[in-house]
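**Student:** Spelled out from the first residue to the last, the chains are:
Number of protein chains: 6
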Amino acid sequence: MTHQPQTRLERGTQALAQIDGEAGEAVIASLADIAPDFATLLLEFPFGDIYTRPGLDLRAREVATIAALAAMGTAQPQLKVHIAAGLNVGLTRDEIVEILMQMAVYAGFPAALNGLFAAKEVFAQRDAA
Amino acid sequence: MTHQPQTRLERGTQALAQIDGEAGEAVIASLADIAPDFATLLLEFPFGDIYTRPGLDLRAREVATIAALAAMGTAQPQLKVHIAAGLNVGLTRDEIVEILMQMAVYAGFPAALNGLFAAKEVFAQRDAA
Amino acid sequence: MTHQPQTRLERGTQALAQIDGEAGEAVIASLADIAPDFATLLLEFPFGDIYTRPGLDLRAREVATIAALAAMGTAQPQLKVHIAAGLNVGLTRDEIVEILMQMAVYAGFPAALNGLFAAKEVFAQRDAA
Amino acid sequence: MTHQPQTRLERGTQALAQIDGEAGEAVIASLADIAPDFATLLLEFPFGDIYTRPGLDLRAREVATIAALAAMGTAQPQLKVHIAAGLNVGLTRDEIVEILMQMAVYAGFPAALNGLFAAKEVFAQRDAA
Amino acid sequence: MTHQPQTRLERGTQALAQIDGEAGEAVIASLADIAPDFATLLLEFPFGDIYTRPGLDLRAREVATIAALAAMGTAQPQLKVHIAAGLNVGLTRDEIVEILMQMAVYAGFPAALNGLFAAKEVFAQRDAA
Amino acid sequence: MTHQPQTRLERGTQALAQIDGEAGEAVIASLADIAPDFATLLLEFPFGDIYTRPGLDLRAREVATIAALAAMGTAQPQLKVHIAAGLNVGLTRDEIVEILMQMAVYAGFPAALNGLFAAKEVFAQRDAA
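Protein chains in written order, with the UniProt record's numbering: chain F, 1 to 129; chain L, 1 to 129; chain G, 1 to 129; chain S, 1 to 129; chain D, 1 to 129; chain E, 1 to 129.
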């Protein structure tokens, strides 16, 4: 007989593993010696509170995140994590490329280009794995 | 016997009408006396070239646009047009609210709040129409 | 005999009242009909989790928030709330003006000017109250 | 027998009058009661130090400023001042429209649109004057 | 007997070669395996539609682009391409340095510094070539 | 018998040495061959004019700068210089970590993460020195 995860931290830890996979766990690990409390907050709020909400499926959530990070242009490492997360939750490479191309309209061609180059790296890592 | 639209301008004009509706047409009209060529480019590139591409449905395209514009925080009028466009292509109000809430994670709480207040205005206009 | 607040929501509600005062409560109220869950998350994470952490006093926290919001330039309503919050937790008007002037160095003169004009409005509202 | 202005403040005051005209003087005046020292710094550094440097003519300087402010999207009031300044130093309305249209490529269509709407306002004020 | 280029793609390909030179062609090549359609759109819209418009000479267009990219601060690779493009269309190194210095006023000293360091790299590559 | 520094340049040079230390001097040196006048302006305006103003102590000034640079997300090298500067003027490592964590609320989790990773680098360099 299994139980639902009960704390935000447990729920967030499970969601992070499902969505971001190893890349997400690497981020959490990298915070251990500088800001361990921030690792907890990152699991609890974005993953425990937001991604686990009903009302929007994980596929649409990753479309939103990839678009936002590419448009902002200030979060290249996190964009790569979420391009991988998009693949994890069922987006195809072609769909991710379409999202990034569309950002040319809203955030300019450099934002789209830098997003596409991030995707190129993530896809190559997958192929090499 | 009907034909497919043949020029990018025709294709874009049709896509703008379908996606943005009256709000999009108002933007085009407002350019007439200041930059009429830009109205043409706006129909041709974003709508004729990008939104009509296969490979990502309009619903996912509007998830991406709403997320990007809310995260950037510099395009409040365009965010309102695309919240309305999201409703036009089948997103529910609750889904739009979820996308905007999620932006708190990537662009901060002010970006999410300002996005939610934009949605509140658009939803109220729909209710009043 | 009093108790410590026990939930994040209670702790956040208390912190919001102390720091942002009426302006913060107005933000929470304005979310009631569009995204009530986001009001809860706003009380819990920024106020319940972050502002109540030891290790940085509220005065320094508001210096950081005023600087960040002025530098970003995309959150004018939230900047006004936090200029008022700065006064609530003990910053003087002159100190707030100094923070905003300094933003000219890091985010440019327009960011500093728009921050100073926000401060002018908040100070005038205080004088009129 | 006339003299060259000798202090940075005098040089900046003269440059502000030449470039930004009344709109610039209004900005200086609006700082009088909130941050009079910042008015001095604004005259001294941007106008006394930068705009008066040889090596780039005022026309090219205003092309750069209009492009930057439109691309940033966080400085609409200052963009309007510099669209007017562009006209003051010899840019034509058509050239300003071209600069703003070009920003669609680098900062996205919303940045270009919001810049064009700012130009529309400034041009209408000139026509009404 | 030669002809004018007739398609947007031909016109854009020619403009890209003239303005961005080898650096631009490298960007196009780098898209071949990830988003070949985006390479086409990049040639057609920015270069075929915008840079070839009459009404603003290429020199002024590059002043605008260099200023915008430096001010945004999110497009360092593209800024380097356009610093080189500025040299290609007749801007001097001193003029480019002036544009970048001026960005300190509008986008802050870090934006100007990061732009100047990009210019330093591009100038050194030219000297080494 | 010593004198107070009398020019803005002298005052700025002294302030830069006190606040940014070697990292600041390296920035000045790196400008020597590309834009030596900008090195002078950087000493004169931010350091000679702003940081030496009374009305806000250096500790609060560095809280503001660290927060702004982390929130903007476009100035990673300058953020590292100012994390070191914060330590120089008396902020503790824990206080700097708190400021950066707080930026998750206003600029999103990626801004906070990238700020924390910058701090990790600066702290490691101090430990190795």
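Be aware that one or more of the hints could be misleading.
Which copy is meant is left open, so a pair is good if it fits within one copy or across any two.
As the list claims (entries may be wrong) - Simulated crosslink set (EDC-like; lysine to aspartate or glutamate; CA at most 16 angstroms straight-line):
1) Lys80 / Asp57
2) Lys120 / Glu10
3) Lys80 / Glu10
4) Lys120 / Glu22
5) Lys120 / Asp33
6) Lys80 / Glu121
7) Lys80 / Asp37
8) Lys120 / Glu95
9) Lys120 / Asp57
10) Lys120 / Asp37
By construction, these hints were calculated from the structure, which means they are not laboratory data. Since the model is a prediction, treat every value here as computed from it, not as a measurement.
**Student:** State for each hint whether it applies.
**Tutor:** Verification of the supplied hints:
no. : hint           : in the structure
1   : Lys80 / Asp57  : neither (20 angstroms within a copy, 23 angstroms between copies)
2   : Lys120 / Glu10 : neither (33 angstroms within a copy, 27 angstroms between copies)
3   : Lys80 / Glu10  : neither (24 angstroms within a copy, 34 angstroms between copies)
4   : Lys120 / Glu22 : neither (19 angstroms within a copy, 21 angstroms between copies)
5   : Lys120 / Asp33 : between (31 angstroms within a copy, 8 angstroms between copies)
6   : Lys80 / Glu121 : within (8 angstroms within a copy, 21 angstroms between copies)
7   : Lys80 / Asp37  : neither (24 angstroms within a copy, 21 angstroms between copies)
8   : Lys120 / Glu95 : within (13 angstroms within a copy, 30 angstroms between copies)
9   : Lys120 / Asp57 : neither (25 angstroms within a copy, 22 angstroms between copies)
10  : Lys120 / Asp37 : between (33 angstroms within a copy, 15 angstroms between copies)
Checked against the numbered hints given earlier, this structure breaks hints 1, 2, 3, 4, 7, 9; the rest are met.
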